[in-house]
Structures are given as structure tokens and as C-alpha cells.
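Enquirer: Just so you know, the sequences run in chain order A and B.
The first sequence begins at 1 in the working numbering and counts up by one.
The second sequence begins at 577 in the working numbering and counts up by one.
Each hint should be verified, as a subset may be incorrect.
Below, simulated PhoX-like cross-link-like pairs (lysine-lysine); rule was C-alpha separation at most 20 Å, straight line [unchecked claim]:
1) A:Lys110 with B:Lys1133
2) A:Lys217 with A:Lys516
3) B:Lys965 with A:Lys389
4) A:Lys144 with A:Lys315
5) B:Lys686 with B:Lys588
6) B:Lys721 with B:Lys709
7) A:Lys538 with B:Lys1114
8) B:Lys696 with B:Lys580
9) A:Lys14 with A:Lys110
10) B:Lys592 with B:Lys580
11) A:Lys557 with B:Lys721
12) B:Lys590 with B:Lys696
No wet-lab data here; the hints were simulated from the structure.
Number of protein chains: 2
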Amino acid sequence: MSKKILRVDMSKLKAKFEDFPEEYATMGGRALTSTIVSNEVPPTCHPLGPNNKVVFAPGIVTGATAPTSGRMSVGGKSPLTGGIKEANAGTNFAQKMGRMRIAAIIVEGKYEGNDYFLLKITNDGTEFINATKWSGKGLYQTYKKLFQEFGSQVGICGVGIAAELLGAASGICFNDPEGLPSRYAGRGGLGAVMASKGLKFIVVDETGASGVEIVNKDLFNQGSNKLRSALLTHDLTKPQGSLNTYGTNVLLNVINEAGALPHRNFATGQDDRAANISGEEKAEQIKKRGGVRPHFCSPGCIIQCSEIWTKPGGKDPVGVLEYESVWALGANCGIYNLDDVGELNRACNNLGLDTIEAGDTIAVAMEGGLLSFGDGKGALKLMKEVHKKTPTGRIIANGTAFTGQAYGVTRIPVVKGQGLPAYDPRPIKGIGVTYATTPMGADHTAGYAIAPEILGVGGTLDPRDPKKAEVSRNLQIATAFIDSTGYCLFIAFACLDIPEGLEGVVESVNGVLGTKLTVDDIATIGRQIIDTELAFNKAAGFSAADDRLPEFFEEEKLPPHDVVFGVSNEELDNVF
Amino acid sequence: MSKKILRVDMSKLKAKFEDFPEEYATMGGRALTSTIVSNEVPPTCHPLGPNNKVVFAPGIVTGATAPTSGRMSVGGKSPLTGGIKEANAGTNFAQKMGRMRIAAIIVEGKYEGNDYFLLKITNDGTEFINATKWSGKGLYQTYKKLFQEFGSQVGICGVGIAAELLGAASGICFNDPEGLPSRYAGRGGLGAVMASKGLKFIVVDETGASGVEIVNKDLFNQGSNKLRSALLTHDLTKPQGSLNTYGTNVLLNVINEAGALPHRNFATGQDDRAANISGEEKAEQIKKRGGVRPHFCSPGCIIQCSEIWTKPGGKDPVGVLEYESVWALGANCGIYNLDDVGELNRACNNLGLDTIEAGDTIAVAMEGGLLSFGDGKGALKLMKEVHKKTPTGRIIANGTAFTGQAYGVTRIPVVKGQGLPAYDPRPIKGIGVTYATTPMGADHTAGYAIAPEILGVGGTLDPRDPKKAEVSRNLQIATAFIDSTGYCLFIAFACLDIPEGLEGVVESVNGVLGTKLTVDDIATIGRQIIDTELAFNKAAGFSAADDRLPEFFEEEKLPPHDVVFGVSNEELDNVF
């Protein structure tokens, strides 16, 4: 049995397996979701109408024994940006799909009534189960009960209350290894797209699955081993390396030190209180509290940057507190208390909200006078408004730009409608070029210029040099390729510095597909993916004016370095 | 003394008169506002930030004795569409400005504190007066007191509570002859732009003004007389003609009969109950109640399509109930009760809300389940939410698209973010071409194809013929010219059918300016204005995909004619 596509028509509550088309044969992950969306979704359709689709695709090697490769891509037209979106998460849900040889799930149409459904996928077929009873309920409780009902061996994907509100800040939630609803394809509001169709959960049970089909096992193993060695060697990715020891939040002190950690809605780039919510402090607290660190988001990961954050005494496990989330819900809101940040992260996971968008949103609400900067308890109350589906909750669930408009705020940190991540683009210009030009809207993962600009990985670049079109372009292209393989983007740290690592990636992909790609092909493949995405966005109405940062990044100097962004429009337009 | 520009810097609370630049010498009204906005406002600026401006300009002949010419243009970057905006109103405020020889008021910068100001302009100079005490108050009460304070001879322009909320549905309000706050440059959220700067009112006192400078009085009088004759002759514009007798709302029965009156958020084009809110019924009621009809919006109007609607017994005068308002707040919300419509119109005027946008917004809120279609009292409660500045009020004050997103509605009747007016584009395709392609966002006044398609004015066209690029283009171009002269657009009815009328327009303009324009120059001048606006929009990020109607106009057939829009993208792109 070779790979299949599962097409789910929510208007008829029917799901059917289709042959995996030849034209998609070498695609996985982002390449597949973006190509299917581009082929099947009218670019000017309403993102929450029947003509949008949501596409799930594990990466090419996902589900096999390749290290750190449990990534799931989700694609569709974004209700947040109005353009194409790929959001991805690390979760065993992806690995199960890979082993079941389901290359993609395409969810289309729209259920006409008010009910929600759960789609159960097993090796024997599919089943729709009414899931309306879970409406209005938090995902922690819900996932716990769903695992009890369907068995601990399943993978669960779902949407929460924010998506029921059709909020543009709602993500799609996947389980972590303990079954916590903490691994998110968070960005761009794809949760609302899924909910708009009447689909609340997908449960995959891989019992009896054939496993990933691997055309050349020796080559696959050779490649996997090369990558494994690179990951085990590189300072950032090795056991007891910085990601393993402190998680992604190791960045908090680093970026604060660089004067580029946005505090209080991008008002300053540095604050002494940052240390209170740093990766170092968090690791210490996890030890004290009886949480788990390090921890993997999906089996087979070498880096293991994840963790289980809990309340004191190991209670109420949240899952991981990523750097982005700690920044967004912490420093960006002037909240320098890990307990508050942890509870806010739990609230986001529980509601199905993207943590980055939620943090930007709360900070903008603070600037708009709805609550004060630093008011962690007030921020939690805002989350309760979402839970209760009040008008305020509806505003918050629609994200940063929407909340900014509701409260008359003009300093709104978004590109293409999507909230900026945890690096101020003024002192670190390459990441700003990526924010401005990626088809995804402000997204650090789309072309992580922080690597050469701050971490000294993949070379060393002056963060203040405004000539960053080339590095952003190259990183965006390489990222589009990696996002398609199923490997976690963090393998790039090792691959940028250790050539054998990248060779290993390509060899393992060749092993699975039976292709003869070389490292040199990465640029062509990655560029093709991005060109597909750019064409969709152009047809949806985007133009060069959308590839810009908000004007306040040119008008307000960011302390302590007192710089504006200052990258020319020509440089931005030179990226693609 | 020749014409001046008054430049108002709200960041310093300073206003200074500047010479009227030579390059603007032949411009007035929309030509002037659009050119100044294009020259001075960065297209990608935040519409509510310090870099946007709001520009007021009376037309070329406004303030002189030319008939039906009391129009005021207001321009800026629209917070509703994100593009350039010109909205205009008929009001003696414009005539006073004309006679004071103030060609334009340019309001720029932003007051840094929380106070609001009133700018008083007299022949002797300008004065800023703290107006914070009027914040949160309805405009009926406020205008009454302002006229008491400043004298009945002044003209007042102001913004209401919706603008204080920086709502994108807020208009700029001008007084009618009785001092009622009922003449609006309503569309596109320019009220919020004015409020964002800290400017709440402008009061003009023309005492001692020199009057409009007229280079060739004989020619001016000759032209005015020609136009006057045409207006007095044409069936639509003459005394006891249809506009004079029933007001603009004479259209309600006509358009309902044509199956193109949108009912209940554009769900059907015809409903028997339309007669309850028709112009005929309204005229009857005004007579019974002791209101006023006919009535002029500004002195010197021959058509006199305006009126004063009141509660029974002549109480609580509202001002005019235009066709657009009666449709938006009535039929489009399933409300077929003139008392409810009148109170809703009063609420909009009182809050400073655009009635068209408000009606579209309420209908979308109804579709989103916030209240039921037909619930007039519920709609009035929504208006109270705006008054009380609640979260729901903030949603409503931001208009149709915003409210649709907040409540998860996918049938959102907007183009470029602006709510559609009172003609369904499916059975009357030319007006739909105008909605789609005008730089203003959905706007019937931008190129009123209803004239030839339904009224048989300026020729007769089949409303169902999808080939409407040419007629829409020609009407849009002619309109841009008329909007610059200061003449009311309604003179076009007479001018389209009576060539001497149009000659009179051109001669009167030549009389004022000393120019030698011919009727043939209208196309060049009008096109230049539109090209200026299109260039601004392009730089602001608009592309062909923005020149489209929402997808539901292609997917849902409108009863009773059961047609979709069906104008090709090529036809739309052929307009400009």
C-alpha cells in the first residue's frame, strides 16, 4: 500500500481515501500543504467560508526513525493574514499519520448545522462522531477525556473555544507525548478555519499501520545517522547543550542582553526584570517543582528542548513554556513572573489560542487602556472573557490588529495582520526582513536570521547591517525545504555549521522517496514552495506595500540602542 | 485677498494661513482634498497616527449664488478602507468657508494629551478652545449648545462618540440649516481620523467675509442660470418633481420593484413590507407629524430633496431620512417601521455614525446572532452600547467587516472594507462595477449607474447586461469632476439629459476661476482626480484583487430575479 490522501467533505460528513497524485509524489509537509492549498483554494475566498480548506500533512521522513522529525504541517487560507498559511507543530500525531501512510488530510466544505464533529481515523477507515458536547470546554479537560475514551495510543488534533468563536488568533492543537494539549500549529488562525467547517477533533489510531514506506533503507539509515551525529555534536543541539538544558527560553537572556527583547508592546528592548522569566530561572523552577526537563515533543528527538511546566508541587502540568510564549505573555506584557506566564500559557492552550498572537494582543489591549502593563491577573481575566465568549473575548480571540482597532491603538506590531514574534526588528534587522517579506506574515521561523545575527550559527553577521535581503532569502528558502521534510527547524543549527548534517537530511529524504536529490537542489525546491505561496498571496491581493513593517518601527527609536529599522523598501523588495 | 489654506497642527495647537499654491489654483472639493492627501499623506501610514491628515475643502463655486452647490469635501486616508477617501456633505458650513475664501483646512499632527479641542475660525483668525467637556455627549444636545454659545450664524463641523472610540464607521458631521447634526461626510471613518488628532469641532463664523472671488461675474451668472433652468425643468429635480416631493427615499419603492433592494443583509431583493418605509409613506407621515418637506440642506438649492423628520407632534426633529439610511437601517435589517428607522437614524446622527455603515453593521450583527432581523428595539440597544463605549459598542463602531469578523459572519457585504449601499449589485450590475472599482470602496455616489440602469436618465441600459465597464468609468470620471465643483451630484440628473445644464456648470466654474474649460475637459479633469486616488491606493497596497465584490455575490442567487453578479474580472479590470 502506498501513500493516500484522505479527503474530508464536511458538508456531507464524508471522508474518502484517494490515491496520492504523482505530481505530489516527492512532497511532504509544507510543500504539500502549500501546493494543495494553491491548487484547490480560491485565493479571494472568505477564509471561513465553504471554499477554504484546511490541509494536514506530515513531513517526508515523519514517522520513520529519522531523528527530530515529528513535524506536522497545517495549511489553508489564513483568516488572520488573508494569505496562504503553513503552521507546524511537533507531535506524535504527525508520526502516526506518517506510519499510516496518509500523506495529507484535506478538510473541505462546511457542515450546515450547529453541531461539531470528531473524525476518527483508523487503519480500517473513518468515522464521524458528534462532538458538540465538547463545545465551550477547555482543552486540558477535553484531551484527558478523549484519551480515556479513545485510548492512550491515539493522536489527537483539535480546536478550542477561541476557534469556536472563529477567532483569527486561534490555533490547531496537537497532543504532546503525555497527552497534554500543548503542541500547536498556532499561527494564522487555522483553528478558526477548522472550526468553521464543523470539525472539532481528529483522532488517529495507527494500530495496524504499515509504517513509513522507505525505498532505500540503507541510504535512509546512513542519512539519519549523519544528521544524528551532527545534532549530538553541535553546541546548541547536543545533550546538555543549551536547548536541551534550558529549552528555547535560553534565548530570553540572550536577546534581552542584545537589547532586542520587546518589552511592553515593543516600547524597549531591554529590562532588568527579564532574568525573572529566563530559561535559566525556568529550568531551576522546574527542578524545584517536580516538572520535567528535558523532554521531547515527539519520540525520536535528540534535541529535546521541550519540558513540562507545572505549578509548585508538580500540579496542573501545562506542557512547554517556549521562549516565544514566555516573551509574548511575559516581557511583552510587562509581566515578569513565571507563575503568571505559566497560567497564561495554560489559558492559551486551554482555549486554543496562539500564544504569540495572544501575547501581542494582550499587550496592545494594555496599550489601549483595557488593563495595565504588568497586570498578570488582569491578563488572565481577559482569557476568561474568551472562555465565556463575551464581546471582549471575541475581540481578543481575533488577535493583535483586531484588538488594536477596537481600542484605538496605533502602535500595532503586525505584518500582514499577524503579530510579531520575540525579536525586535530594529536592532536585529535580518529577522525584520523575514517578518516583512515571508508570505506567512510576521514569522520568525520562516527565515531565522537570528542564527547568524545573534547566535553565530551559520556564520556571523552584524545585526545592525541593513543589507539582509540575501540572508533572509536564503534562510527562507532553506526553511521551506526543511518544513517539507518533517525535520524540526532546529536541525538547521547543526546543519548550518556541520555540512554532513545537511547531507544526512538530503540522504534520508532520498532514502524514503527513492529520489536522487543533492544538497544543491534544496534551493530550487525551497524557492518553488515559496513561489507557490507568493503567487497565492498575489492573487489574494497582496502587493509590495504588504511587505513592510508598521510605521512605528521607523519612527520610534528602540532603547537601549536607540535605532529604527531603517531597511530600505528596495532591500525588502529584493528578497523575492 | 485671494484664497488661503488653513493649516492646523494639532500637535502644537497652532493654525496658520498659507497662500493657496498655484498648482492647486483650479481645484476645489474632491480634486483638492485628494490631491493634498496624495501629496502630503504617506500611503502606508496608520490612518489614526500622526502622519494622516484630514482635509476639508468646499467646491469651486460653493458659497456663491450658483444653485445647489453647498457641498463640502473631506479627505484623508480611511481607517475603514485603508485607502484614500473623499466623503462629502451638503451644508452651509461649506458655503461659509467658500465666502471666507478658505480653499482648504488641512488638519495634521496629533494632540498628545487626552483633551479634545474646538477650533474656531473667524475672519480675524483662529482660536483653540478646550472641548473635552463635550466628550461622551450626543451631538443633538451638543450642537444645540454650541449654537447657543457661538451664535446661530456659525457653521459647525464635529465628531461624536463613535469617533471618540476611533471607530472606522464614524463620520464627520455638519449642521443643517436648523442647526441639526444631520449632514454627514459619513463614509470611510474620517470622523475617527479627526478625533484621533484631538480635534472635536470646527466652528466657522463668516462675519465680515469677502465672499467668493468671481473673476468673470457675467459668465458665472450665465452659467448658473443655465443650470438653474435645467434643474427647474428636469422631472427628477424640478419643484414638485420626485426628489422635491418625496426626497431621495422615492427610490425605495422603485428599487424594491426592480428586485434590487437588499433586505435582511442582502438575502433578497424584494419584500412587500418595503412600502411601509417608502418615500411616499414618509412624506405622508411628515405632513401628519408636522415635520418639514421639502427642505434644503444648504441655502440656494433648487432640488430641495431634504426634510425634517420628527416624532409625532413634530417632536425631536431628526433631520433628513435619506433613502440610503432608510434602506440601511430599515429594509437591510428587516425593520419596516418608520418610527424605528427614524430613531435609529437619530441615534447614528447623535453618535456620529455613518448610517449606511451602521445599517450594514447591524444587519451583519443580526446574521451573526447578536439580535434578530426586524428587531428595531434591539438595534437601538446596540446604538446605546456605542454610546456607553462598551466592548460591543467598540465592535459596532468599527463597521460591517469588523463586526462580521467578531461574530464569525462570512456573508459580509463590503468592498475594500466599506459596506455596500442600497442597491444589490446582482440584478443591477453597473452599480456593482462602480462598487468594485471606485477607489473609495463600495460607494454608490462614485459612479451612479442606477441613473441609466433604472431611472432612464442619461440613456437607458439593461441592468442585467454585465458589460458595464465603460458606463461606470464615464460616470466615475464625471462624478469626480462634479465633486470638485461644489455642485451637488444630483445636478447630474438634469445635466445628463439637458446639455445646457452641463454647459452652465462649466461656465459657472470658468466664471469663478477665470479659466476657459469646455465640457470636453471634464473627462480629463475627472480622470486626473481618479488617477491620483488610484495611485495613492496602489501605494497603500491595493491591487486588482481588491476590485472585487465579496464571493457570496457570485455564489448566492438573489431572489426574486435569481441572478448572481456575473461580471467578469476582465470587465472589472477594464474600468481603469
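Enquirer: State the violated hints by number, sorted upward, taking the hints as numbered earlier in the document.
Expert: Of the numbered hints, just 11 does not hold.
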